[in-house]
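Produce the complete structure using the sequences and hints provided.
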Amino acid sequence: MYRIVERREAASSIKLLKVLAPEISKKAQPGQFVILRVDDKGERIPLTLADWDTKEGTITLVFLEVGVSTRKLGELREGDAILDVLGPLGNPTEVRNYGSVCIVGGGVGIAAAYPVTRALKAAGNKVTSIIGARTSKLLIFEEEMRRFSDELYVSTDDGTKGYKGFVSDILRSLLQKGCTFNMVYAVGPAVMMRAIADVTRPYKIKTIVSLNPIMVDGMGMCGACRVTVGGKTMFACVNGPEFDAHEVDFTELIRRQTAFLQEERMALELWEANRRMAIREA
Amino acid sequence: MSKWDRFKAVPMPKQSPQVRIHNFNEVALGYSEEQSLMEAERCLQCANPQCVQGCPIEVDIPAFIKLLKEGKFREAVMKIKEKNNLPAICGRVCPQEDQCQKNCVLGKRGEPIQIGRLERFLADWEREHKVEIPEKKPSTGKRVAVVGSGPAGLTVAGDLAKLGHEVVIFEALHEPGGVLTYGIPEFRLPKNIVQAEIEYIKRLGVTIRTNVLIGRLYTVQELLSDEGFDAVFIGTGAGPPIFMGIPGENLCGIYSANEFLIRVNLMRSYLFPRWDTPIKVGERVAVIGAGNVAMDASRCALRLGAKEAHIVYRRSRAEMPARKEEIENAEEEGIIFDFLTLPVAYHGDESGWVKKMECIRMQLTEPDETGRRRPVPIQSSNFTMDIDTVIVAIGRRPNPLIQQTTPGLRVAEDGTIIVDENMQTSIKGVYAGGDIVTGEATVISAMGAGKKAAKSIHKYLMGNK
Ligand SMILES: Cc1cc2nc3c(=O)[nH]c(=O)nc-3n(C[C@H](O)[C@H](O)[C@H](O)COP(=O)(O)OP(=O)(O)OC[C@H]3O[C@@H](n4cnc5c(N)ncnc54)[C@H](O)[C@@H]3O)c2cc1C
Ligand SMILES: Cc1cc2nc3c(=O)[nH]c(=O)nc-3n(C[C@H](O)[C@H](O)[C@H](O)COP(=O)(O)OP(=O)(O)OC[C@H]3O[C@@H](n4cnc5c(N)ncnc54)[C@H](O)[C@@H]3O)c2cc1C
Ligand code: SF4
Ligand code: SF4
Ligand code: FES
Numbered sequence: 015m016y017r018i019v020e021r022r023e024a025a026s027s028i029k030l031l032k033v034l035a036p037e038i039s040k041k042a043q044p045g046q047f048v049i050l051r052v053d054d055k056g057e058r059i060p061l062t063l064a065d066w067d068t069k070e071g072t073i074t075l076v077f078l079e080v081g082v083s084t085r086k087l088g089e090l091r092e093g094d095a096i097l098d099v100l101g102p103l104g105n106p107t108e109v110r111n112y113g114s115v116c117i118v119g120g121g122v123g124i125a126a127a128y129p130v131t132r133a134l135k136a137a138g139n140k141v142t143s144i145i146g147a148r149t150s151k152l153l154i155f156e157e158e159m160r161r162f163s164d165e166l167y168v169s170t171d172d173g174t175k176g177y178k179g180f181v182s183d184i185l186r187s188l189l190q191k192g193c194t195f196n197m198v199y200a201v202g203p204a205v206m207m208r209a210i211a212d213v214t215r216p217y218k219i220k221t222i223v224s225l226n227p228i229m230v231d232g233m234g235m236c237g238a239c240r241v242t243v244g245g246k247t248m249f250a251c252v253n254g255p256e257f258d259a260h261e262v263d264f265t266e267l268i269r270r271q272t273a274f275l276q277e278e279r280m281a282l283e284l285w286e287a288n289r290r291m292a293i294r295e296a
Numbered sequence: 003m004s005k006w007d008r009f010k011a012v013p014m015p016k017q018s019p020q021v022r023i024h025n026f027n028e029v030a031l032g033y034s035e036e037q038s039l040m041e042a043e044r045c046l047q048c049a050n051p052q053c054v055q056g057c058p059i060e061v062d063i064p065a066f067i068k069l070l071k072e073g074k075f076r077e078a079v080m081k082i083k084e085k086n087n088l089p090a091i092c093g094r095v096c097p098q099e100d101q102c103q104k105n106c107v108l109g110k111r112g113e114p115i116q117i118g119r120l121e122r123f124l125a126d127w128e129r130e131h132k133v134e135i136p137e138k139k140p141s142t143g144k145r146v147a148v149v150g151s152g153p154a155g156l157t158v159a160g161d162l163a164k165l166g167h168e169v170v171i172f173e174a175l176h177e178p179g180g181v182l183t184y185g186i187p188e189f190r191l192p193k194n195i196v197q198a199e200i201e202y203i204k205r206l207g208v209t210i211r212t213n214v215l216i217g218r219l220y221t222v223q224e225l226l227s228d229e230g231f232d233a234v235f236i237g238t239g240a241g242p243p244i245f246m247g248i249p250g251e252n253l254c255g256i257y258s259a260n261e262f263l264i265r266v267n268l269m270r271s272y273l274f275p276r277w278d279t280p281i282k283v284g285e286r287v288a289v290i291g292a293g294n295v296a297m298d299a300s301r302c303a304l305r306l307g308a309k310e311a312h313i314v315y316r317r318s319r320a321e322m323p324a325r326k327e328e329i330e331n332a333e334e335e336g337i338i339f340d341f342l343t344l345p346v347a348y349h350g351d352e353s354g355w356v357k358k359m360e361c362i363r364m365q366l367t368e369p370d371e372t373g374r375r376r377p378v379p380i381q382s383s384n385f386t387m388d389i390d391t392v393i394v395a396i397g398r399r400p401n402p403l404i405q406q407t408t409p410g411l412r413v414a415e416d417g418t419i420i421v422d423e424n425m426q427t428s429i430k431g432v433y434a435g436g437d438i439v440t441g442e443a444t445v446i447s448a449m450g451a452g453k454k455a456a457k458s459i460h461k462y463l464m465g466n467k
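So the protein lines, in turn, are chains A and B. For the first sequence, my numbering gives the first residue as 15, with consecutive numbering after it. For the second sequence, my numbering gives the first residue as 3, with consecutive numbering after it.
One or more of the hints may lead you astray.
As the list claims (entries may be wrong) - Incomplete in silico selection of chain A near chain B, CB under 10 Å:
1. Ile49
2. Gly234
3. Phe274
Unchecked claim - Label-pair ranges, simulated between beta-carbon atoms:
4. B:Gly397 / A:Tyr217: 53 to 63 Å
5. B:Ser141 / A:Ser27: 47 to 57 Å
6. B:Thr372 / A:Gly245: 25 to 35 Å
7. B:Lys430 / A:Glu157: 46 to 56 Å
These are calculated hints, taken from the structure and not from any lab test. It should be emphasised that the depicted structure is a prediction, and the values quoted were computed from it without experimental measurement. By construction, the Cβ of each residue, glycine as well, lies at the ideal position given by its N, Cα and C atoms.
Written as structure tokens, this is what we have:
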């Protein structure tokens, strides 16, 4: 059992949990993730390590409530426990001095970008960060990102904060203005990562994305997470999750993410109905 | 009940096919006491028993059958357990027709003794009548780490614990058991039986730590240098599924058998939405391959509501590698076998779901290095099948993480770990066995490797004082 020692609402539908997992906290590196199961009937879901503290023995998870598993996880309180946490998983980010880097985080992906930003800054890079969300209320980790960025740009789809539009628009205009980056790192929704790849492609800038296909075991045994990169099938959990953005078949990734959409919707409706009943009876 | 006949096996009572395709309960119901005694009665108690030579771990078959016949069930099961820690499992899943039963002299004129069924009867009897824990040797103060909790790991752990060593099993998944838990379905090997066997290993004093991926959380070297273990056994088994690499293989609706079976067995998606992990099975399912894994996947698909489930196999009936009993069960349940058929491409709809499978017909030519006749495509024989779910069950590679993260570990070209005759790897104190060494094999061969490794590790630890 993995005890929750701190819980915060980063935004209305985005929760932050600090979880006691001393062994994982000692081994965690930027870009890695865990797979967890909330309870004994639970699904195995992957979440990126948004932070860790070796002294406290904790790891930090930040997640968007989208379906039953993340809703269940969001209902846990300080002192509650998560049944299973496996990690750290995946290959760490290649952290070195590239010179000038641009980090792009979208939505809950900003939390995933944070440890990468911190590590790239510590490695001596000049860090430009672009973060964005649908609306200002959903913008998370702004202060954290600012602390380790030489420059920080913000966008919201509805213009309630920063630039009105997408993170990819900001990146495009920076490049058009003549900014040069030796590496661009992007994490967020698949459509956003595809847009970033499209922006950097003509400039031939090395662009790394952290992919989020559906996963089950997370240790290379099931192939649920397969993605096509450079025409080859890769298992994102063990060959990734980071890949060369210009080689990724995003159309396939986006399709495969919807494989269980009907079932997920049905499960969520059922879960919400059961919750309402439970509240009424209580 | 049928009449006793020296040359005829007592038939196994089973759930009828019409009933069982609607549930996940065990298909074979097991012999009753009376049926077991009848079957045991047929054994000739050969002076030079051929059956024993067919068993990879040399269970003393005539001796346990004799005790069974005399009604000494506990003694009989203890006789099996001298060699086999997991009889309830082996009795159910061993390919007996290629092993012990293949050699039985009665097989020459009639049907061999149903050794697996007798083993199963005794193990089940024992589970219902309190399992005795053998006496343990005094503590040696030595600590052994076992990586992986499949049959190889469980066997090593059990044997070393009995010898007085402190054993910790590290398992990456959230439940122990390896393929026994995540791969073989409930209707062939009920999970409560696997759990009972694991409980037994725990009662021997073995600690099982789940959710620990060795290679990431700790490397093998760290287990030895930082975590205070005196020896390590690697039993990580087979993992990464092999795909054919044909067009359209990543369409939605195409699973590896591993994904399909992990969802069904480990994640209990047949109980969705009561359990959280979904699975989606269409009306027309094609399973590629004809081994045990393919049989399991096709029969699960049927139970999950498929109208038609096909086994699509590039060779013919005679070459199918699955256990005979399971092929028969699959046929009874209405699985359709498409022999001499090879998929060459999948075609999907505009939203990326598989709709059609393009195949080519095959013919068999001269035998290849495995002794099976080689299938070759017949030119321009392409045809398409309407299909909405595909399960690819053409094999799995060895789990690679330990090999990648253990410098100095000798690995063969196919990714398996190289060991010497004592199951020791190229690193002193590090042993390996099971599918990670042999490539995909059987439960019993993994157990055999575990037995052998336990002996070597014991010798190594005690010589090491
Ligand atoms: C390596 C990796 C790291 C991730 N890190 C984060 C993170 O830090 N924060 C965060 O909020 N989300 C993260 N995700 C996505 C997160 O795993 C999914 O949002 C979560 O599994 C949804 O589960 P659910 O039951 O709540 O929703 P569901 O109702 O199951 O699904 C809702 C959506 O989530 C996707 N999804 C469902 N199951 C999985 C699964 N097992 N794996 C991946 N996606 C799935 C579906 O495509 C669907 O679009 C990450 C995904 C991956 C692969
Ligand atoms: C669907 C299916 C049906 C089968 N049917 C039969 C049958 O009827 N009869 C038969 O004899 N054989 C059958 N087999 C084959 C048999 O199950 C295997 O040969 C046997 O289980 C191998 O045992 P093992 O201990 O080597 O490995 P496994 O059973 O594969 O166990 C390995 C374990 O190690 C864990 N692991 C892997 N890497 C790590 C790591 N880095 N750190 C920690 N843990 C790790 C895995 O999660 C797994 O639990 C079947 C196989 C499958 C897949
Ligand atoms: S362990 Fe398997 S091969 Fe050996 S006697 Fe038992 S059923 Fe036969
Ligand atoms: S070979 Fe057959 S008949 Fe002879 S001892 Fe073995 S099981 Fe009995
Ligand atoms: S999640 Fe199973 S192989 Fe990647």
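Hint check:
The interface hint given for Ile49 of chain A holds, since its Cβ lies 9 Å from the closest Cβ of chain B, which is under the 10 Å cut-off. For Gly234 of chain A, the suggested interface contact is upheld, since its CB lies about 5 Å from the closest CB of chain B, less than 10 Å. Evaluation of the Phe274 of chain A hint against chain B yields a held restraint, the C-beta minimum of about 5 Å falling below 10 Å. Taken as a hint, the range 53 to 63 Å is violated for the pair Gly397 of chain B and Tyr217 of chain A, whose Cβ atoms sit roughly 43 Å apart.
Roughly 53 Å separates the CB atoms of Ser141 of chain B and Ser27 of chain A, a value that falls within the hinted 47 to 57 Å. Checking the proposed 25 to 35 Å range against Thr372 of chain B and Gly245 of chain A shows it holds: the Cβ atoms sit about 31 Å from each other. Our hint of 46 to 56 Å for Lys430 of chain B and Glu157 of chain A holds, since their Cβ atoms are close to 52 Å apart.
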